[in-house]
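Peer 1: So you can see what is in the structure, the chains are spelled out below.
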Amino acid sequence: MNKKLFLLCILITSIAITGCWDSIEIDDRTFIMALGIDVYKPTEEEKNIEDEKKYLPQHTRPPVSLTYVASKPISAGGEVEIANITMSSVSHSSFTAKRQMISRSDNELFLGHLKAVVLGDELVKNPMLFRETMDRIEKDPLISRRISMAVADGTAKEALEIETELEKNIGKFISSLFIRQERSNRAPVADAGDILTTLHKNGNVLIPRLVYSDKEIKIGGAAVIKDYKMEGWIGEMESLAYMIITNNLMTTALNHNMDDLIIPYTLTEIKTNIEAEKEGDNIKVVLSVIGEGDIDGLYFNPEEDVLDPSFVKKVQDGICKDIQKLIIEAIKVFQKDYQIDIFQFGDYFRKYKPDVWRDIEKDWEEIFTELEVVVETDIFMRRVGLSR
Amino acid sequence: MGLWKKLLGNKGEKKQEEGQAPHKSIEMNIKTIKEILKDCDDIVYREVEVGVENNVKAAIIYTDGMIDRNLLNNYILNNIMLTVRMTPPSPEDIKKQIASHLKDHSLAVSEMKEVETIDEGVTSILSGDTVLLIDNYDKLIIVASKGWQARGVSEPVTEIVIRGPRDGFVETFRVNTALIRRRVRDPKLKLKAQQVGVRSKTDMAIIYIEDIVNKKILKEVEERIKTIDMDAILDSGYIEQLIEDNWLSPFPQIQNTERPDVAVAALYEGRIVILVDNSPFALIAPTTLNAMLQSAEDYYERWNIATAVRLLRYLAAIISLLLPSLYVAITSFHPQMIPTKLALSIATTRQGVPFPAIVEALIMETTIELLREAGVRLPGPIGATIGIVGGLVIGQAAVEAGIVSPLMVIVVAVTAISSFAIPSYNVAIGFRLLRFGFIFAAGSFGLYGISLAKLLLLSHLCGLKSFGMPYLHPFVTFVEDIGDIKDTVIRAPMPSMNNRESIANKNERNRLDDKQEEEKYKEEEE
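Going down the list, the sequences are from chains S and R. Those letters in the first sequence? Residues 1 to 388, per full-length UniProt numbering, in order. Those letters in the second sequence? Residues 1 to 526, per full-length UniProt numbering, in order.
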């Protein structure tokens with residue numbers, strides 16, 4: 001009997017200790033779709049600027065301002081519609097900001113459906129704040145690793161307050177923007193899980209850039225993070241090259257200039273292979289890019305015959321050169337301007353050429369800036385489109 | 001098993017009743033019977049005098065309404081009163097043996113026996129047989145004359161199939177045994193009849209095919225039936241509950257069927273069928289959860305269709321068990337698990353609903369159970385009306401009044417439909433009962449609670465046995481019985497189903513005749 005009682009006690013306590021105790025009805029939750037994090041700067045227009053300024057000097061680092069974009073069904077006159085709500089809160093830590101927010105909300109702020117995190121560029125330029133923010137994102141059990149991250153060219157708050165023409169719900173808009181971004185490839189991968197893993201390695205990463213105007217938002221280019229600190233921006237073409245080198249490109253559309261003609265083409269099935277060679281003291285990295293493409297069009301009744309292999313060959317060679325140039329220039333930017341091995345060539349040496357890596361490991365940062373990179377491109381134009 | 005033995009095992013064997021032997025004098029016998037059947041006004045005593053000189057007294061006793069009057073008049077009374085005088089040998093010679101003469105030469109009835117105690121005679125009278133008493137003869141002659149108003153063989157109500165035989169068991173024991181015998185023309189089919197119930201003395205039979213049946217299981221069934229100690233057995237349900245392994249379980253461990261084809265299919269698989277008089281439901285033991293989720297039609301339809309339907313049925317079982325609790329768990333605890341658009345849409349529909357999801361689920365589930373129960377009680381045409389009024393009107397009104405969300409109505413409706421897709425009604429009720437447990441588990445601990453409840457249920461099911469057969473067979477079986485998988489979620493094509501399940505006797509696993517088997521191997525060799 002005692003044994004049964006004991007077992008029963010264990011059963012009850014184990015259920016009571018481990019069970020989910022966070023029952024909140026789905027309609028009592030406010031679904032936060034996007035989160036913006038900025039460095040807080042009281043503006044002069046605010047009346048209580050003197051009061052607000054009190055916050056500033058007490059700490060070695062400035063407070064942060066968190067902007068939440070939430071979707072919440074609100075019943076208005078019998079009909080229920082999904083409202084788009086933007087709320088901001090200032091806090092000394094992004095961890096406490098949500099708690100402060102709760103005191104101003106009738107509902108639970110629910111991060112389980114968070115789609116995007118937008119960081120202000122000021123914040124990313126401060127390594128302390130950036131690391132704290134990344135820690136907050138990584139530690140929250142509800143935030144998915146599949147959310148998208150971007151650095152706003154400006155402040156996240158302004159970006160998230162834009163009402164776009166196409167979709168009034170900015171949370172939904174930004175989340176679908178990132179899905180489209182995966183296809184357009186003018187910015188690096190925005191996946192928070194990937195960014196966190198890369199950051200864990202050496203503190204260098206590319207985070208997509210979010211550019212906004214009065215009515216529009218777009219994703220393109222990237223913020224270059226070196227040692228948890230933003231060093232600058234790279235443009236869309238460099239981002240594209242980065243995507244090709246890191247084998248993340250799904251498809252992209254570009255133009256090729258050939259003898260006054262502009263030939264639009266689409267690249268598909270691009271694969272990049274990295275090989276490293278060591279000849280004496282000279283280390284060389286060979287990138288071979290192979291892929292396929294389509295010529296999308298030319299112009300009406302062209303003099304050139306698109307069905308003529310020699311013409312296609314000519315275009316093909318031109319495109320190969322274009323891509324080669326694109327990649328070499330992008331690598332140069334990282335070698336000379338930022339001096340960070342964002343393509344993880346070092347990782348390649350560590351994995352596949354451990355003996356070489358042992359010698360170069362210590363001076364890798366310097367070696368990388370002088371590293372000889374050869375790019376070989378082999379792109380085959382499979383389809384030439386409809387002709388005549 | 002242990003529990004079953006503890007509660008039933010110590011009652012011991014029934015005491016054999018020592019009956020009173022008939023007296024030589026017919027008056028004494030009639031008096032005794034009249035005393036036993038005092039105040040039974042449906043018993044008819046007809047005293048006649050037989051013999052050439054009408055000097056031998058005889059009497060017939062029967063229960064009015066339970067006998068075939070035509071047979072009694074034309075072949076019993078007519079014969080003992082008239083024909084007996086015309087038949088040689090001469091009356092003088094046989095005066096002493098008039099009883100045996102009557103028995104052997106005069107009574108033109110097909111079934112007759114003699115009993116040596118009054119009590120047996122009384123039981124026969126009450127079973128619808130006629131007792132013939134003859135003066136100076138110390139045995140009772142029982143003439144089989146059963147014949148009463150009974151329902152004819154008709155289509156089974158609970159197990160309707162689109163393709164398959166339309167006949168179903170009826171309340172008359174003999175008709176049911178005939179329905180089985182018609183499908184098994186094999187002398188190995190054994191039909192062991194006995195009477196159970198101290199007062200009701202209900203006829204029942206254990207039916208099996210001698211060489212296919214597993215002797216161990218047969219012995220177990222026979223032993224358990226021997227321990228039945230009840231005054232009356234009114235339906236096979238009594239027997240089911242008295243001999244099952246674990247009566248605390250929500251799952252029935254004995255299958256019942258109204259269809260002779262299902263019963264016979266079970267016999268050919270090596271199972272045992274128990275028929276009980278006055279009940280159109282035959283019992284099949286041992287059984288498995290898998291067998292409960294099968295329908296007779298699965299074997300009559302082509303295998304690919306049958307497999308698809310079976311998959312659907314397993315899905316229905318899972319839905320009917322889990323869907324409302326999943327809804328409760330996800331909406332109350334884990335909205336991050338569903339797509340954002342769906343989460344927002346659920347939140348939109350739940351806007352203004354005053355109850356938490358678990359209360360909502362319980363209200364709707366209770367309502368649908370009420371509707372179902374009311375639908376069973378109400379006479380046919382009104383039952384359908386209640387279904388429409390309850391299902392459509394109340395559901396619609398509840399949504400419009402904002403008491404429940406429309407999605408909850410869909411969830412409850414899908415669950416109800418799924419539970420009707422389970423072929424065995426008694427398993428479906430088990431699932432219905434467990435569903436409430438799952439809703440509570442989900443409401444208190446979310447998906448974690450559902451997983452705990454699932455573990456509990458699985459551990460119970462894994463331990464459950466039906467007459468020594470694992471209830472989850474063949475899902476929890478040994479490698480040598482892996483062939484049984486052919487008749488589970490999938491239904492293998494007919495030609496590949498040569499082997500019986502491991503329920504059957506080990507030597508008779510192959511369905512083919514020995515000769516056929518040899519031929520088959522020869523063909524393969526060639």
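Derived from the structure by calculation, the hints contain no laboratory data. Just so you know, even glycine gets a beta-carbon here, dropped at the ideal spot from N, CA and C. Treat the hints with care, as some may be off.
[Said to hold, decoys possible] Estimated spans, in silico, between C-beta atoms of each pair:
id: 1; chain 1: R; residue 1: VAL359; chain 2: S; residue 2: GLU216; range: 29 to 35 Å
id: 2; chain 1: R; residue 1: SER451; chain 2: S; residue 2: ASP106; range: 19 to 25 Å
id: 3; chain 1: S; residue 1: ASP214; chain 2: R; residue 2: SER345; range: 57 to 63 Å
[To be verified] Chain S side only, calculated, beta carbon under 10 Å to chain R, not exhaustive:
id: 4; residue: LEU111
id: 5; residue: GLY280
id: 6; residue: LYS284
[What the hints assert, rightly or not] With a Cα cut of at most 25 Å, we get these calculated DSS-like pairs of lysine-lysine:
id: 7; chain 1: R; residue 1: LYS215; chain 2: R; residue 2: LYS188
id: 8; chain 1: R; residue 1: LYS188; chain 2: S; residue 2: LYS218
id: 9; chain 1: R; residue 1: LYS201; chain 2: R; residue 2: LYS190
id: 10; chain 1: R; residue 1: LYS201; chain 2: S; residue 2: LYS168
id: 11; chain 1: S; residue 1: LYS98; chain 2: S; residue 2: LYS172
id: 12; chain 1: S; residue 1: LYS172; chain 2: R; residue 2: LYS341
id: 13; chain 1: R; residue 1: LYS190; chain 2: S; residue 2: LYS4
Peer 1: Could you tell me which of the numbered hints above are not met by this structure, giving the numbers in increasing order?
Peer 2: Hint check: 1, 2, 3, 5, 6, 8, 10 and 13 fail, others pass.
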